[in-house]
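Novice: Now for the letters of each chain:
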Amino acid sequence: MSEAGVPVPGLHALDIAEAGRRLRTGEVTAVALTQAALERIEHIDGSLHAFIHLSGDAALRAARQADAELEAGRDRGPLHGIPYAVKDVYDVAGLPTTCHSRLRLDHRAEADSAVVERLGLAGAILLGKLATDEFAFGGPTEDLPFPAPLNPWNAAHMTGGSSSGSAVAVAAGMVRFALGTDTGGSIRGPAALCGLAGLKPTFGRVSRRGAFPLAYSMDHCGALAASVEDAAIVLQALAGHDPLDPSSADVPVPDFRRSLRDGVAGLRIGVPRAFFATAQGVTQEVIAAIGRVEAMMREARATVEDVTLPDYPLFSTCGRVLLTAEAYAVHEQDLKSRPQDYSALAMQRITLGATITAADYIQAQRLRRELAAAVDGALTRFDLLLTVCNLAAAPRLDAMPDPFSAPSVIQAYPFSLSGHPALSVPVGLGASGLPLSVQFVGRYFEEATVLRAGATVEALTGWRLPTLPAAAGVQS
Amino acid sequence: MSDWSSPAFDQDGAGAEFDHAMARAGITVPPDRRPALVAGYEDLKRRMALLRQPRDAAAEPAAVYRVRRRGEP
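Chains as they are written, first to last, in my numbering: chain A, 24 to 499; chain B, 71 to 143.
Same shape as in the complex, but just chain A:
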């Protein structure tokens, strides 16, 4: 806040580390950061629709407490006083967890989800809840209780999903990070299309308690962030064993920022080129972008070689069957009693689970075992895998008139199934002026190596999220 009591312009562009430095020198306050974020949301979200629910008063109360604590010498760490928001599948005590669905407009959460609890203990300031594809499984359709978010790079193009509101809020500078969930790419995909770092941690690294399930065996919790360092800082707060989540892993949590500046010299990187080289819908600019990243990695003294993995359709079919069957198990009763309250797209996708037999599901789990072993085997020979995340920059919405038959533009299933940590990181802009990204995948619980590679790419490409025009909603 300035001496005149006016929020300092440009606060939304401060990375978490710099905002933290200024908080501790007294150059800025948590209240000023929160006010600046709320004003930016008020100014631009009317056209972008990232937020479903804004908790401005509660956020300012939390910010005042954060400032008082810092003044009193109680420092909760790097996220102390930093505003953020959550995808509306996470429980926040006293607020509805709508999952962007008519079915849950009357819901009220009794307790915070584990990740909200952890971020609260870390001193982060919750601003509100963000739009999503319905139940993280629908799409940006018009038959929903809240409007679908628009891509702040260009509103005529897709944001990706399902963590669409999270991607839009971060890309438009409303917050530096937002929580998403990733079952079949729902963190990595929208992060890639909106120019963000999107990290799906190892299965078990981050507690899922209090997150509405999509598919129990594939759901991952994590964050979309404006930079790789921001993503590392957030993971530090999110990671850790939760005895109340049966899928939570009791493993040590390293310092995720320690090696961010170490480069990639000596690392062995495998490229599963057959996944994407001839995939339907892949663009030449994406092929060229991954080629540039390979060259950068070699120049930075990493070893880069092609690696053979099972055919991509095996991964996508296996993932689709498991996800659909498990989602149906979650929604079985509501589909019988309130089918009209689902959007048409969500209903179609979930209902198909009723056609999957127990034998189909078990065969898919057996295949999953083989596929996960193949990925893990490749990661005994390589420290990292490098592949595409999306096969193209964000497609135009009007180029996909029928959401029921929309072709996939994302290749995320292999690591959703295998549980390995995977990071989408932007590498520049394509011909349409929209972000292009690549995906790094690491060994189980070696998120630090994945983040290190991402930070190296960010440094070598000079990528920095720009302040996107507030009038993006009227671009075409």
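Quick caveat, the hints were computed from the structure, so don't treat them as lab data.
Computed from a predicted model, the values in this text were never measured in an experiment.
We put the CB at the ideal spot given by N, CA and C, even for glycine.
Just so you know, nobody snuck in bad clues.
Computed footprint of chain B on chain A; a stretch qualifies when at least three of its residues, placed anywhere within it, have a C-beta under 8 Å from a C-beta of chain B:
id	region
1	335 to 343
2	370 to 376
3	382 to 389
Some chain B residues close to chain A (C-beta under 7 Å, calculated; not the full set):
id	residue
4	L107
5	Y111
6	R122
Assemble chain B onto chain A, guided by the hints.
Specialist: Relative to the frame of chain A, chain B by itself:
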């Protein structure tokens, strides 16, 4: 978020199978939503042939992961 493609045909057999599955599940499908659902069902069935290939005993449906330390085979 995933790859959904719908074939442009609706075979009678697939439609009947789909209707049977819905009846068994107790789901009432609005008539205007049925064509897209049947098309999605046909696509899903076609893909599921990929699931049924020979596998060995190691491919049991367990979803437990193991941390391999650097250098460990």
